[in-house]
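Number of protein chains: 2
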Amino acid sequence: MDHLRTATGAAVRAACRAGEFAGPTPGLAASFVQANLVVLPKDWAFDFLLFCQRNPKPCPLLDVTDPGDPEPKAIAPGADLRTDLPAYRVWRHGELVEEPADVTAHWRDDLVSFLIGCSFTFETALQNAGVPVRHIEEGRNVPMYRTSVRCQPAGRFAGPLVVSMRPLTPGHAVKATQICSRMPRAHGSPVHLGDPAGIGIADLDRPHYGDPATVRPGEVPVFWACGVTPQAALAEARPPFAITHKPGHMFLTDLRDHHLDGE
Amino acid sequence: MDHLRTATGAAVRAACRAGEFAGPTPGLAASFVQANLVVLPKDWAFDFLLFCQRNPKPCPLLDVTDPGDPEPKAIAPGADLRTDLPAYRVWRHGELVEEPADVTAHWRDDLVSFLIGCSFTFETALQNAGVPVRHIEEGRNVPMYRTSVRCQPAGRFAGPLVVSMRPLTPGHAVKATQICSRMPRAHGSPVHLGDPAGIGIADLDRPHYGDPATVRPGEVPVFWACGVTPQAALAEARPPFAITHKPGHMFLTDLRDHHLDGE
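Which chain is which? The protein sequence lines are D and Y, in order.
Using our numbering, read the first sequence as starting at 301 and increasing by one per residue.
Using our numbering, read the second sequence as starting at 301 and increasing by one per residue.
Just so you know, not all the hints are guaranteed correct.
In this list, chains with the same sequence are indistinguishable; a pair is considered to hold if it fits within one copy or across any two.
Here are the simulated DSS-like pairs of lysine-lysine, each with C-alpha atoms no more than 30 Å apart in a straight line [to be verified]:
#1 K342 with K546
#2 K475 with K357
#3 K373 with K475
Hints are computed from structural coordinates only; laboratory data are not their basis.
Just so it is clear, the structure is predicted and the values come from calculations on it, not from any experiment.
All chains, please: the whole structure from these sequences, using the hints.
Below is the structure:
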């Protein structure tokens, strides 16, 4: 699907909707913003919206739909969240029960969809600024860790802050901090750098999600709040029903990366 | 109450709670962040939280309480929102019915409180950077206008964007834009500058709220999203019950202005 690399966000969505694409989205629709998806019944939506408001670094909201409306009008008018992602996860009482390519059959009039910013946006900005991103160089998924830092709870939602890690030279760590500080809707500035034990990570070589990344001599591990955090909160809160994207299989928006550079 | 000018936010709250202060708060507890207050029943809270999420420039959230909890734990631990403001407004079905100094008698277990950033924060930053603020120089309230720009609606909430205006030289307008861009939780960058008709303002000399401000030759009017916007949305939505601060009579937080400078 090489043509999808230079396609628009709308073209990737159309390929998903037509059943022509069901794979991971890193590198697709270059320069278009990708988003994490969390879908919950209205009865749980206030608690989750409050969780995002209180934890903006792991959960920067790009759009929230009206109950029952599958169209994220602010970031992708005309899109259909039931069909336009390559793969979904369906959860019941905190357990993963299915990974379908379409959730039309699961849709309900009381579902509220949350679209949350994604690190792919700032990784593109880092690379454009000459800051190398190790896991991309190594052709692997980014390493992610559950930390000892607890999110601010909200109603029935609580859980650990999940972080992603990129090894950088000190100079690149400074540059990355400057760049990411301008992108609060793509997780913003790092939450930690240096000693992994400082945020309760025992072993960098054993990430809880994704793949390990090589830390070279003279580099420091730099940690960012991660969009997997809401999935950890969902697993703890165990709502009766939820839908998310399948990790790595994101929603392509109509926003361009530069739209997230600034307020 | 001159001693309150150099007091802490907590000291101003204590004076309000003790019934020793019931006046307007501009200039009080210098360097402490002040906040707008909106209190709504839980049944209306999701719609209003979504309204704030969709309209972050007029409604930058600093804190949202759990239902029934009068303590804004994130920005003023130990505070009591029922007693710690100098003056309140009580609304029924969109009509102002009372302006009490204490809302303890009105409190209910289902009330959710929203604390929203305030322009006082960026005005201090502007003055510190040598950018004069006309209405402060003239000892008047800032001029505010309902515009032809509609907010993004959310559930039962909709309404016009309300803006505040400060006349600046072109050079100061650029400087102010730089400074305010770093403060998204204090309304952020201007939403408009120049021709008032561009956002539907017919007459700068007749603001809808506050006082007119003199625009001198060579100055341009610069417009910021304003914290009165939620009150305009409340008046349109007419929820059965709501509490707000009395305009100009804000909640003093424990945050310092520099906490809002950055992400």
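I want to check one pair: K475 and K357. Are their C-alpha atoms no more than 30 Å apart within a copy, between two copies, both, or neither? both (19 Å within a copy, 28 Å between copies)
When Cα atoms must be at most 30 Å apart, do K373 and K475 count as within-copy, between-copy, both, or neither? Neither: 34 Å inside a copy, 34 Å across copies.
Within a copy, between copies, both or neither: where do K342 and K546 come within 30 Å Cα-Cα? Answer is within: at 22 Å inside a copy they meet the 30 Å cutoff, but 32 Å across does not.
Checked against the numbered hints listed earlier, the structure breaks hint 3 alone; every other hint is satisfied.
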